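We have chain A already, so just place chain B on it with the hints.
2 protein chains.
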Amino acid sequence: MITDPLEIEKKSFEIITNELNTNHIQIPKKYEKIIKRVIHTTADFEYASLFQFSDDFLTTITQAIKTGCRIYADTNMIIAGVNKHHLAKNRCEIYTLVHEPAIREEAKAKGITRSLLGMDKACQDGQTKIFVIGNAPTALFHLYKKIEEEKVQPAAIIGVPVGFVGAGESKNQIALSKIPNLIIKGRKGGSTVAASILNAILYHYL
Amino acid sequence: MITDPLEIEKKSFEIITNELNTNHIQIPKKYEKIIKRVIHTTADFEYASLFQFSDDFLTTITQAIKTGCRIYADTNMIIAGVNKHHLAKNRCEIYTLVHEPAIREEAKAKGITRSLLGMDKACQDGQTKIFVIGNAPTALFHLYKKIEEEKVQPAAIIGVPVGFVGAGESKNQIALSKIPNLIIKGRKGGSTVAASILNAILYHYL
Numbered sequence: 001m002i003t004d005p006l007e008i009e010k011k012s013f014e015i016i017t018n019e020l021n022t023n024h025i026q027i028p029k030k031y032e033k034i035i036k037r038v039i040h041t042t043a044d045f046e047y048a049s050l051f052q053f054s055d056d057f058l059t060t061i062t063q064a065i066k067t068g069c070r071i072y073a074d075t076n077m078i079i080a081g082v083n084k085h086h087l088a089k090n091r092c093e094i095y096t097l098v099h100e101p102a103i104r105e106e107a108k109a110k111g112i113t114r115s116l117l118g119m120d121k122a123c124q125d126g127q128t129k130i131f132v133i134g135n136a137p138t139a140l141f142h143l144y145k146k147i148e149e150e151k152v153q154p155a156a157i158i159g160v161p162v163g164f165v166g167a168g169e170s171k172n173q174i175a176l177s178k179i180p181n182l183i184i185k186g187r188k189g190g191s192t193v194a195a196s197i198l199n200a201i202l203y204h205y206l
Numbered sequence: 001m002i003t004d005p006l007e008i009e010k011k012s013f014e015i016i017t018n019e020l021n022t023n024h025i026q027i028p029k030k031y032e033k034i035i036k037r038v039i040h041t042t043a044d045f046e047y048a049s050l051f052q053f054s055d056d057f058l059t060t061i062t063q064a065i066k067t068g069c070r071i072y073a074d075t076n077m078i079i080a081g082v083n084k085h086h087l088a089k090n091r092c093e094i095y096t097l098v099h100e101p102a103i104r105e106e107a108k109a110k111g112i113t114r115s116l117l118g119m120d121k122a123c124q125d126g127q128t129k130i131f132v133i134g135n136a137p138t139a140l141f142h143l144y145k146k147i148e149e150e151k152v153q154p155a156a157i158i159g160v161p162v163g164f165v166g167a168g169e170s171k172n173q174i175a176l177s178k179i180p181n182l183i184i185k186g187r188k189g190g191s192t193v194a195a196s197i198l199n200a201i202l203y204h205y206l
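Chains A and B are the protein sequences, given in the same order.
Per my numbering, residue 1 is the first one in the first sequence, and the count goes up by one each step.
Per my numbering, residue 1 is the first one in the second sequence, and the count goes up by one each step.
Certain hints may be false.
Which copy? The list can't say, so a pair holds if one copy fits it or any two copies do.
[Said to hold, decoys possible] Restricting the straight-line Cα-Cα distance to at most 20 Å, the calculated cross-link-like pairs of lysine to any residue (SDA-like) are:
no.	residue 1	residue 2
1	185	46
2	145	4
3	110	2
4	185	40
5	185	45
6	10	164
7	11	186
8	121	3
9	178	148
10	66	146
11	29	93
12	178	144
13	146	169
14	84	101
15	33	45
16	10	187
17	145	3
Think of the hints as simulated: they come from the structure by calculation, not from any bench.
As the structure is a prediction and not an experimental result, all values here were calculated from the model.
One chain only, chain A, in its complex shape (with noise of 0.2 Å):
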């Protein structure tokens, strides 16, 4: 049994490259270290076939990340989930606003979701540069929105909720937004993705 978690991540991205192959299942090289660290997370094979990127998205996002920047997320698991020394080596900062007692109060006067309502004040904070969302739907709707208003022009954004209704069509919609992006097509995604994409970035592409 092996017990050192170098050498299980080891041997686990072994096994994934070779199913890969034994399946004949092809990803871009360019990628391959984001998209192999998503089937490590999910053990789901399916993801290799699901990921789509805007040709700027990996440029943009290390840049931003290497310039040192604040991302938002949309949920405590994704910052749960990421690594915050790689972070912090880059003077970077990971935060969301869901929940916070100020946002539960005033989404709940407006009668808005925590979720929008935390986008909305992301989208009013300059040094937020990369946007990080696995949950909701709605939170990436309304970037999009914010983006066609030029009300904010992020560097990245990763748009990965997951969910049976308006996940498929909020990442549709964010792909066709004029800022660098990566999505999971379809229902799939959510926290855990969306953390192992940013950690992936993290540890290979600065």
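Frame of chain A; chain B shown alone:
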């Protein structure tokens, strides 16, 4: 477009139920709310066939929660994902040790993993009645050893680590223990899966 989160959730579960019916996928009525919530969290219908429960699992885990207890989780992501309001209502508390600086240092000094050491310490806490493992097969292997040695006797185990090396084996082993348990067979699972199982129990089974 539906924007009310409760409406979205209701519609999502209707879609899940319809697709299960349309595709003639049977799930046990008794565990329906747990299985559907995991499908809701992952958008992955394969989970319908991956659950395995010991007969006494639901009885003992709900009793432990209603009595008020400590719950050990092996990741911060699980803790971030669990509904703390519902836990607090039942005087339950969820915690992990893997990120504690003292655990980090002691693990390093002993040349063992933080997962394993965290599990070791949690097993010594008499108030910890439930273990929720979503990440580390080594933690689950170690828990099995402690149970066999009669060093710990929890009320219930949610054993759902994801992974390619040891995950399936660790879950099959814990399923053979005398402790009431729920496992996800094979490679799949993870922190979002673990959190949604615990949430489903908090929402529907108490």
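Verification of the supplied hints:
1. 185 with 46: Answer is both: 11 Å inside a copy and 18 Å across each meet the 20 Å cutoff.
2. 145 with 4: between (47 Å within a copy, 18 Å between copies)
3. 110 with 2: Answer is between: at 17 Å across copies they meet the 20 Å cutoff, but 54 Å inside does not.
4. 185 with 40: For residue 185 and residue 40, both the intra-copy (18 Å) and inter-copy (16 Å) Cα distances are at most 20 Å.
5. 185 with 45: both (14 Å within a copy, 16 Å between copies)
6. 10 with 164: Cα proximity of residue 10 and residue 164: across copies only (10 Å, versus 34 Å in one copy).
7. 11 with 186: between (30 Å within a copy, 17 Å between copies)
8. 121 with 3: Answer is between; shortest inter-copy Cα gap is 18 Å, intra-copy 44 Å.
9. 178 with 148: within (9 Å within a copy, 58 Å between copies)
10. 66 with 146: For residue 66 and residue 146, neither the intra-copy (25 Å) nor the inter-copy (45 Å) Cα distance is at most 20 Å.
11. 29 with 93: neither (29 Å within a copy, 45 Å between copies)
12. 178 with 144: Close inside one copy (10 Å), not across copies (52 Å); limit 20 Å.
13. 146 with 169: within (17 Å within a copy, 48 Å between copies)
14. 84 with 101: between (24 Å within a copy, 14 Å between copies)
15. 33 with 45: Answer is within; shortest intra-copy Cα gap is 14 Å, inter-copy 26 Å.
16. 10 with 187: between (29 Å within a copy, 16 Å between copies)
17. 145 with 3: So residue 145 and residue 3 pass the 20 Å test across copies only (15 Å; inside, 48 Å).
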